[in-house]
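Starting from the given sequences, assemble the full structure and let the hints guide the process.
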Amino acid sequence: MLYEVKKAKQMYRAASDNSLLRIANDSFSSLRPEIIPVLISELKKRNIGEVIINKYESHYDLLDEACVKEWMDKIRGSVCPDCNKKGLGLLCYNGRTTSSYLIKSVYLNRTFISCTYCRSEKLRSLNLDTFLLGWWSFFGFFTTIYSIVQNLINSILPSHKEQENMYRYVVYHHSQLVDHEDQITEYLDLNNKA
1 MLYEVKKAKQ MYRAASDNSL LRIANDSFSS LRPEIIPVLI SELKKRNIGE VIINKYESHY
61 DLLDEACVKE WMDKIRGSVC PDCNKKGLGL LCYNGRTTSS YLIKSVYLNR TFISCTYCRS
121 EKLRSLNLDT FLLGWWSFFG FFTTIYSIVQ NLINSILPSH KEQENMYRYV VYHHSQLVDH
181 EDQITEYLDL NNKA
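Residue numbers (the numbering used here): 1 to 194.
No wet-lab data here; the hints were simulated from the structure.
A hint or two may mislead.
Okay, derived cross-link-like pairs now, DSS-like style, lysine-lysine, Cα gap no bigger than 27 Å in a straight line [stated by the list, open to error]: (1) Lys193 with Lys122; (2) Lys45 with Lys6; (3) Lys9 with Lys69; (4) Lys44 with Lys6; (5) Lys9 with Lys44; (6) Lys45 with Lys7; (7) Lys69 with Lys45; (8) Lys6 with Lys55; (9) Lys85 with Lys161; (10) Lys44 with Lys7.
What follows is the structure, given as structure tokens:
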């Protein structure tokens with residue numbers, strides 16, 4: 001489970017009823033999708049805020065832990081969208097690129113899913129692009145170094161960070177995953193290339 005989810009559970013348990021209702025009201029549009037079920041669960045446990053619970057449930061596609069784990073297993077058992085090999089155990093990781101244009105520096109942070117070998121290739125390619133295109137502005141010098149270091153860290157990503165990435169990926173992309181359940185490899189491939 002995500003560190004942030006555990007932290008949110010502790011925080012919501014310790015909060016008073018009034019402060020929990022205030023959090024639920026004030027942060028309707030700003031809460032991350034993986035935190036919303038924790039808040040709803042705590043509200044239901046205390047039997048407060050039925051209107052707020054209905055508001056969240058009608059607006060968000062809430063997932064329970066078992067559903068998220070099931071989707072994570074489906075994705076991990078799929079064919080790698082880059083090399084089309086099955087059984088390699090897919091990983092979820094972030095990659096970052098930087099491009100600079102004299103006075104402007106632009107960076108892009110993306111999430112990819114692929115096997116270990118393809119992850120190394122993808123991050124190597126992102127680092128090469130960043131190395132060639134990232135230096136050409138004042139701020140580009142700093143963001144290029146940061147992007148390359150982040151990609152190097154992501155290439156040796158510990159398993160608990162990969163779990164967090166996959167959990168977030170499933171929560172944020174759940175409706176698209178359901179729509180493409182029969183063609184999950186094609187969806188992952190499109191997402192990797194977008």
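To see whether the hints hold, each was checked on the structure:
1. Distance hint between Lys193 and Lys122 is fulfilled; the C-alpha atoms sit about 11 Å from each other, no more than 27 Å.
2. Straight-line distance between C-alpha atoms of Lys45 and Lys6 comes to about 17 Å, which keeps the hinted pair within the 27 Å bound.
3. A distance of roughly 19 Å separates the Cα atoms of Lys9 and Lys69; the hinted pair therefore holds under the 27 Å criterion.
4. This hinted pair checks out: Lys44 and Lys6 have alpha carbons roughly 18 Å apart, not beyond 27 Å.
5. With a C-alpha separation of about 13 Å, the suggested pairing of Lys9 with Lys44 holds against the 27 Å cut-off.
6. The hinted pair formed by Lys45 and Lys7 meets the criterion: a straight-line CA distance of about 18 Å does not exceed 27 Å.
7. Restraint check: the Cα-Cα separation between Lys69 and Lys45 comes to about 23 Å, which is no more than 27 Å; the hinted pair holds.
8. Proposed proximity of Lys6 and Lys55 is supported: the alpha carbons are some 24 Å apart, at most 27 Å.
9. Between Lys85 and Lys161 the alpha-carbon distance is near 24 Å, which keeps this suggested pair within the 27 Å criterion.
10. Straight-line distance between C-alpha atoms of Lys44 and Lys7 comes to about 19 Å, which keeps the hinted pair within the 27 Å bound.
Checked against the numbered hints listed earlier, the structure breaks none of them; every hint is satisfied.
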